[in-house]
Amino acid sequence: MNSLYRPTRIMSLPATAAVAALLAGCAATPVEQPKPPAPVVERPAPAAAPAPAPAPAPVARIDVAPKPIDPLTDPKSLLVQRSVFFDFDKYVIKPEFVPMVEAHGTFLVANRGRSIVIEGHADERGSREYNLALGQRRADAVKSRLGLLGVPAARVETVSFGEERPRATGQTEEAWAQNRRADIVYR
Amino acid sequence: MTLTVEPRGAARWLLHALFAALLALVALDAARAQLRVEVTGVGSDQFPLAVASFQREAQLPEPVDEIIRANLQRAGLFRLVDPGGEALATDARVDHGQWKARGANALVVGSVARLPDGRFDVRFRLWDTVKQAQLDAASFTASTAELRLSAHRISDRIHQSLTGERGVFATRIAYVVAQGRNAFELQIADADGGNAQTALRSREPIMSPTWSPDGTQLAYVSFETGKPVVYVHTLATGQRRAAANFRGSNSAPAWSPDGRLLAVALTLSGTTQIYTIDAQRPSTPRRLTNSGAIDTEPVWSADGRLIYFTSDRGGSPQIYRMAPDGSAVQRITFNGDYAVSPRISPDGRTLAFVARRNGRFQVHTLDLASGAEIAITDTVADESPSFAPNGRLLLYATEFNGRGILASASTDARVRTRLSGPVGDVREPTWGPFIP
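First to last, the sequence lines map onto chains A and B. Here this note's numbering is used: the first sequence runs in plain steps of one and ends on residue 994. Here this note's numbering is used: the second sequence runs in plain steps of one and ends on residue 479.
Just chain A, same shape as in the assembly:
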C-alpha cells in the first residue's frame, strides 16, 4: 500500500521546488534583467530519491524464508560507509579507506543493475576553481580504484562540487577534514 502513495510524493517534491524557484524569480528585483531568471531546477536531495528496491519481493507466495538483509543498509557491512576522506590538497586514497572502497567495488561487480555517482568535495580554503578540480580528482581517484576491481566506468559517474557543498561549517581543521571527501551515492 505504500506503493500507492509513493509516486505522489516523488512528484510533489520537484514540483514544489519548481514553484518555489518561480516565486523566487518573481520576487527578484533584477534591474539588469527584465525577465525573471529561468526557473532554477532544484537537484533532488539524495534522501528524497527513493532507492529502487533491489528486487521486488515475490508477492502472495508461500515463502517462509527470512527476508534477505540489504547489504547497503546493514550496519555490520562496510557498505554503509560512503565517504572517503582526504588530506589537504591531496587526492590519494589513504590506506584506511581502501577496504571500504573495495567493498563497494565487490558489491557493484556482483550487482550489475546498480550504478553510483561519486561526488567530490574540498574544504573552503584556497581557490574555488582549484577546489572544484580537486574535488573532481578525488571523485576520479575513487572511480579508478573501482575500475581496478572490475566495475565498468559506465556505471560510475563523477561530479565535483568543490567547496560549494560543505558537510561541516566553521573554520576548524575538524570541519575542513569533514569536507575534504568523496561521497559514494547509490542511484
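Rather than coming from a laboratory, the hints here were simulated on the basis of the structure. Be careful, since some hints might not be right.
Facing chain B, from chain A, some residues (calculated, C-beta under 10 Å) [claimed, not checked]:
1) Glu931
2) Arg932
3) Glu936
4) Tyr937
5) Gly942
6) Arg962
7) Thr965
8) Gly969
9) Glu971
10) Gly977
Partner residues are not named here, just some residues of chain A that face chain B (Cβ under 8 Å, in silico) [claimed, not checked]:
11) Asp896
12) Lys897
13) Ser934
14) Leu939
15) Gln943
16) Val966
What follows is a list of derived Cβ distance ranges for each label pair [claimed, not checked]:
17) B:Pro325 with A:Pro959: 27 to 33 Å
18) A:Glu980 with B:Thr184: 56 to 62 Å
19) B:Gly391 with A:Val887: 52 to 58 Å
20) B:Gly414 with A:Pro906: 45 to 51 Å
21) A:Glu980 with B:Thr206: 43 to 49 Å
22) A:Thr979 with B:Asp160: 56 to 62 Å
23) A:Ser922 with B:Arg356: 30 to 36 Å
24) A:Thr979 with B:Arg224: 17 to 23 Å
25) A:Ala961 with B:Thr268: 17 to 23 Å
26) B:Ala371 with A:Lys883: 56 to 62 Å
27) A:Thr979 with B:Asp179: 52 to 58 Å
28) B:Arg330 with A:Leu955: 22 to 28 Å
29) A:Leu955 with B:Ala412: 45 to 51 Å
30) A:Lys883 with B:Arg324: 33 to 39 Å
No residue lacks a Cβ here, since even glycine has one placed at the ideal position from N, Cα and C.
Based on the hints, put chain B in the right spot on chain A.
Using the frame of chain A, we list chain B on its own:
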C-alpha cells in the same frame, strides 16, 4: 602606518562622511544589497586635497560630494584635507592661500541644482591652490538614477588631472552573495559597492563571474542543473546561454581580449584541462593543455599573447603561462607549495595570485621583470583577486568576523578597503572594464 576609521583627529570627517553615506544607503530601497565601505590603511606620501561640500539641497537622493570624497579616499593616492562644513559654489572666488595653509594642494568645489524637468545639473571645478590655477571643470545633466554616476565621473576626472592616470570610479563590479546554503545571487554594483542590482538568483551555487571585455556580458559557472555549467549572460536583456555544458565539469571561464573566445576548464579527458570555445556560438572545444594533472583558472593577458593558469603538474598548485595555442608553457611561481588564481595586470607586468604561506592564504603580487613578490593584504583567507582596469587596485574576497566580505587593496599594498554586506557571504568579485 595604519589608520582605522574611528573618531580620531583628521579621520573624524571621514567617519561623518561614511556615516552619512551609510544613512543614505540605508534610506535606499535596495539597502539590503548594499556593501558598506571601510578604509583600513593609508599611505604617507599622498597628494593632499580638499573636497569642499557642494552647494546643494540637503535632501539630495545621492550625496555627490561625499561619494567623491569616499572614492578618492579609497584610491589610495590622495590625502583628504578637512574642508570644513561650508559649501562653496562652483564659481565662488577661492582663497587659495587659505586652502594651501590648511594643507590642501588642490581644491574641489561644486554644486548640484535641480532642473525644472526633475533632472539635476551637476558641476565641479578643480583648483591647483599652489599655482592658483584651474585644472579642470565640467558640468553634467543627470537623472536621479545617474547622480551616482556623475559623482563617479567627476572623481575620475579629478584622478586623471592629479595623477595623469584614468580613474576607475565609474566602472562596475560583479560578485556573488550567498545567504545560507540554498540562496545565491549574482550581483552587479558600482565600483564603490553602491547601486547594487541582482542579475541572477539561484538555489544552487554560482561562481567565477567574469566580465566580457566590452562590459555587456558576464560569463559564470552555475550549478543549477546539478553540475558546473558555464553560462554567458547578457546584462541588458537578461538572456543567458549555456556556453559550455559538456560531459563532466565546465568551469573557470575567461574571455579573450577581443571577446570572441572563452577559455574554460573541462573534464572531457578525465582530469580538469584547459580548452577554448567560441564565446557566442556552439562550438567544438579546442584543447590547450595536455598534462594529466589539474590545469584550471585560465586568464588571458590584455595583449592576447599569453594565457596564465593554475596547474599542479609539478606536485603542488603553481602558476604557469602558455601561448594561446597551448605551446611554450612556462612555470611562473616557485615559492611555497600553493599558488592559485592568477590575474595579470592590464600592462602585463604584474601577476596577482593567492599564495598559502604559513597557513595564511593571501593575495600576492609578483613583479614579472624583477621577480619581487609581496603579500598585499593582512588577512588569512583571501580568494579571487581582480585588477581594477587601471591596474592600481586589486579587489578580492576574504573573511572578516567569520563572514565572507569583499576587500580592495592598492597594488603597492598601502591602502586597504573593506566592503561588507549587511547579511550573507559576499564572494567571487570581478572588476569590470572601463565604460566608454
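These are the hints, each one checked on the structure:
Checking glutamate 931 of chain A against chain B by beta carbon gives a least distance of about 8 Å; that is within 10 Å, so the hint holds. Taking 10 Å as the C-beta cut-off, the interface hint given for arginine 932 of chain A holds, the closest approach to chain B being about 6 Å. For the restraint placing glutamate 936 of chain A at the interface with chain B, the shortest Cβ-Cβ distance is roughly 5 Å, inside the 10 Å limit, so the hint holds. Nearest Cβ of chain B to the Cβ of tyrosine 937 of chain A: about 5 Å, under the 10 Å cut. The hint holds.
With a cut of 10 Å, the hint placing glycine 942 of chain A at the interface with chain B holds, because the nearest CB-to-CB distance is about 9 Å. Below 10 Å, beta-carbon pairs count as interface contacts, and arginine 962 of chain A has none with chain B, the closest being about 16 Å; its hint is therefore violated. Look at threonine 965 of chain A: its Cβ gets to within about 8 Å of chain B, closer than 10 Å, so that hint holds up. The beta carbon of glycine 969 of chain A is positioned within 10 Å of a beta carbon in chain B (closest approach about 8 Å), and the interface hint is therefore held.
Given the 10 Å rule on beta carbons, the hint for glutamate 971 of chain A holds: about 4 Å separates it from the nearest Cβ of chain B. For glycine 977 of chain A, the interface hint holds, the least distance from its beta-carbon to any beta-carbon of chain B being 9 Å, beneath 10 Å. Below 8 Å, beta-carbon pairs count as interface contacts, and aspartate 896 of chain A has one with chain B at about 7 Å; its hint therefore holds. A cut of 8 Å between beta carbons decides the hint on lysine 897 of chain A: the least distance to chain B is about 10 Å, and the hint is violated.
Given the 8 Å rule on beta carbons, the hint for serine 934 of chain A holds: about 4 Å separates it from the nearest Cβ of chain B. The restraint placing leucine 939 of chain A at the interface with chain B holds, with a minimum CB-CB distance near 5 Å, inside the 8 Å limit. Checking glutamine 943 of chain A against chain B: minimum C-beta separation of about 6 Å stays under 8 Å; hint holds. Hint status for valine 966 of chain A relative to chain B: holds, with the closest Cβ pair at about 5 Å, below 8 Å.
The given range of 27 to 33 Å is respected by proline 325 of chain B and proline 959 of chain A, whose C-beta atoms sit roughly 30 Å from each other. Checked against the hint of 56 to 62 Å, the pair glutamate 980 of chain A and threonine 184 of chain B passes, with Cβ atoms roughly 58 Å apart. A hinted range of 52 to 58 Å holds for the C-beta pair glycine 391 of chain B and valine 887 of chain A, which are about 55 Å apart. As the Cβ distance of glycine 414 of chain B to proline 906 of chain A is approximately 48 Å, the hint placing it in 45 to 51 Å holds.
For the hinted restraint 43 to 49 Å between glutamate 980 of chain A and threonine 206 of chain B, the CB-CB distance of approximately 45 Å keeps it satisfied. Distance hint check for threonine 979 of chain A and aspartate 160 of chain B: the Cβ-Cβ separation is about 59 Å, which falls inside the suggested range of 56 to 62 Å. Checked against the hint of 30 to 36 Å, the pair serine 922 of chain A and arginine 356 of chain B passes, with Cβ atoms roughly 32 Å apart. The hinted range of 17 to 23 Å is satisfied by threonine 979 of chain A and arginine 224 of chain B, whose Cβ atoms lie roughly 18 Å apart.
A hinted range of 17 to 23 Å holds for the C-beta pair alanine 961 of chain A and threonine 268 of chain B, which are about 21 Å apart. The given range of 56 to 62 Å is respected by alanine 371 of chain B and lysine 883 of chain A, whose C-beta atoms sit roughly 58 Å from each other. Checked against the hint of 52 to 58 Å, the pair threonine 979 of chain A and aspartate 179 of chain B passes, with Cβ atoms roughly 54 Å apart. Look at arginine 330 of chain B against leucine 955 of chain A: about 27 Å separates their beta carbons, and that is inside 22 to 28 Å.
One distance hint, 45 to 51 Å for the beta-carbon pair leucine 955 of chain A and alanine 412 of chain B, holds here, with the actual separation near 48 Å. The beta-carbon spacing between lysine 883 of chain A and arginine 324 of chain B, approximately 56 Å, falls outside the hinted interval of 33 to 39 Å.
Of the numbered hints given earlier, the model fails hints 6, 12 and 30; all others are met.
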